[in-house]
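Undergrad: Sequence:
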Amino acid sequence: MDFSALIESINTAAVTSGPSSVNDNERRELLQACEKLRNAYETSLDVVSRLYYSSPQAIVLRLGVDNEVIRCYGRALRREHGWGSQHSATCRRDRCRTLLLARIMRFLAAMGIVREVSNDSFTSTLSTAMFISSSPLAAVLVHGYYSLPYRPVKAPRYFAQKGWKIPDDADDDPFQFAMGTRSHFFDFLSSKQYYQQAFNTTMTTSFRRKGQGWFIFFPVDEKIRVEDPMAPLLVDIGGGKGEDILAFRDRFPHLLGKLILQDLSVVVEGIKDTMPPVEAQGYNFFDERPVKGAKAYYLRTVLHGWPNKQTLQILGRVCEAMIPESLLLLNEVLVLGINRSSSSAAVDLVMMTSYAALERTQAQFETLLNEAGFKLINVWRPEGTKIESSQAVLLEARLKR
Numbered sequence: 001m002d003f004s005a006l007i008e009s010i011n012t013a014a015v016t017s018g019p020s021s022v023n024d025n026e027r028r029e030l031l032q033a034c035e036k037l038r039n040a041y042e043t044s045l046d047v048v049s050r051l052y053y054s055s056p057q058a059i060v061l062r063l064g065v066d067n068e069v070i071r072c073y074g075r076a077l078r079r080e081h082g083w084g085s086q087h088s089a090t091c092r093r094d095r096c097r098t099l100l101l102a103r104i105m106r107f108l109a110a111m112g113i114v115r116e117v118s119n120d121s122f123t124s125t126l127s128t129a130m131f132i133s134s135s136p137l138a139a140v141l142v143h144g145y146y147s148l149p150y151r152p153v154k155a156p157r158y159f160a161q162k163g164w165k166i167p168d169d170a171d172d173d174p175f176q177f178a179m180g181t182r183s184h185f186f187d188f189l190s191s192k193q194y195y196q197q198a199f200n201t202t203m204t205t206s207f208r209r210k211g212q213g214w215f216i217f218f219p220v221d222e223k224i225r226v227e228d229p230m231a232p233l234l235v236d237i238g239g240g241k242g243e244d245i246l247a248f249r250d251r252f253p254h255l256l257g258k259l260i261l262q263d264l265s266v267v268v269e270g271i272k273d274t275m276p277p278v279e280a281q282g283y284n285f286f287d288e289r290p291v292k293g294a295k296a297y298y299l300r301t302v303l304h305g306w307p308n309k310q311t312l313q314i315l316g317r318v319c320e321a322m323i324p325e326s327l328l329l330l331n332e333v334l335v336l337g338i339n340r341s342s343s344s345a346a347v348d349l350v351m352m353t354s355y356a357a358l359e360r361t362q363a364q365f366e367t368l369l370n371e372a373g374f375k376l377i378n379v380w381r382p383e384g385t386k387i388e389s390s391q392a393v394l395l396e397a398r399l400k401r
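Quick note, the sequence shown lines up with residues 1 to 401 if you use full-length UniProt numbering.
Keep in mind the hints are simulated off the structure, nothing from the lab. Backbone N, C-alpha and C define an ideal beta-carbon position, used for all residues, glycine too. Hints may contain errors.
Calculated cross-link-like contacts (lysine to aspartate or glutamate; reagent style DMTMM-like; alpha-carbon spacing at most 20 Å) [to be verified]:
no., residue 1, residue 2
1, LYS241, GLU227
2, LYS258, GLU222
3, LYS36, GLU8
4, LYS292, GLU396
5, LYS223, ASP250
6, LYS241, GLU222
Here are the in silico distance ranges between beta carbons for each label pair [as the list claims (entries may be wrong)]:
no., residue 1, residue 2, range
7, LEU126, PRO56, 20 to 26 Å
8, LYS162, ILE338, 21 to 27 Å
9, ARG157, ALA345, 20 to 26 Å
Let's have the full structure, built from the sequences with the hints guiding it.
TA: Shown next as structure tokens:
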């Protein structure tokens with residue numbers, strides 16, 4: 001193998017191409033190939049060093065967001081319409097002392113978030129804008145980092161005490177053990193406004209909605225119809241701020257029936273009067289369903305945040321509310337049973353340590369649905385979609401006859 005030619009080809013691709021030059025499947029295949037190449041040529045020491053130093057990257061990004069130094073460079077980037085203006089670490093109006101700031105900035109420069117142009121003098125890069133305080137991606141970072149330092153430290157002790165069993169109860173999970181609380185993650189979150197806001201923003205970001213919307217590849221006009229304009233047409237359970245149901249409304253304004261958004265009161269508070277004709281309801285999906293007999297009950301990436309015990313309770317409440325003509329629609333990302341990607345495995349671990357939950361295969365969803373009283377009718381996906389792509393599929397289920 002001509003390694004010089006290979007290196008030159010990779011470097012050329014890195015300079016001349018970008019995410020917009022390939023489709024999503026090609027991009028993922030390229031990244032997976034790069035990961036295989038790295039794994040093949042790393043030494044044992046390389047592997048240990050990479051894993052050991054991965055956590056500090058999240059730490060320094062969080063520090064850069066919280067003390068707003070990244071926001072300062074992001075503003076410079078916007079002013080310059082390209083590379084940001086140069087700043088010295090000694091003249092920042094920041095919430096930390098000069099030496100600490102310089103050490104943070106050097107690490108950010110090593111990660112490519114900013115660029116060091118001379119000793120302790122930095123300029124913004126195109127990556128800087130991703131993590132300014134007003135960016136949704138900064139909120140994603142804050143949400144993802146919440147309690148993260150505690151879980152790796154305490155997870156081994158948690159699993160040892162539990163006999164190395166998979167967490168299967170949202171009321172007794174690694175998050176509660178690490179944080180010293182009996183409250184579930186979402187209850188704990190509601191008492192922390194900064195993190196609650198970061199979570200809410202994360203749930204609205206576009207990265208959670210990659211690919212086609214479910215109503216583009218699902219035959220809505222054929223399957224979701226009612227004749228009575230006052231009858232419930234679609235109930236979006238755990239729908240956050242309503243991005244999905246509002247998009248559905250915009251695409252199908254001709255459909256009769258009521259559109260209903262349901263989420264916790266702390267989430268829908270303040271939007272109830274801003275979404276006509278969508279009706280927003282504060283609701284805990286473990287309680288009896290207030291809307292019965294709807295044509296379709298829709299949940300987007302809700303069940304992957306709950307273990308089987310609580311998932312069956314959630315599905316049980318939906319089952320109680322449905323009539324024979326009703327549909328259950330689950331919009332979820334499916335995973336492979338073997339040979340999972342590193343990103344898929346990472347998400348699965350986060351679900352386990354945060355919520356005692358898991359990413360599921362199609363077979364696991366079918367088993368759950370069957371146990372909850374449903375029959376899986378079909379799994380809808382855009383043509384050409386691969387398992388473990390970022391494209392969420394739509395599982396269509398009905399009550400068992």
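Undergrad: Which hints from the list above does the structure break, by number from lowest to highest?
TA: Structure breaks hints 1, 6.
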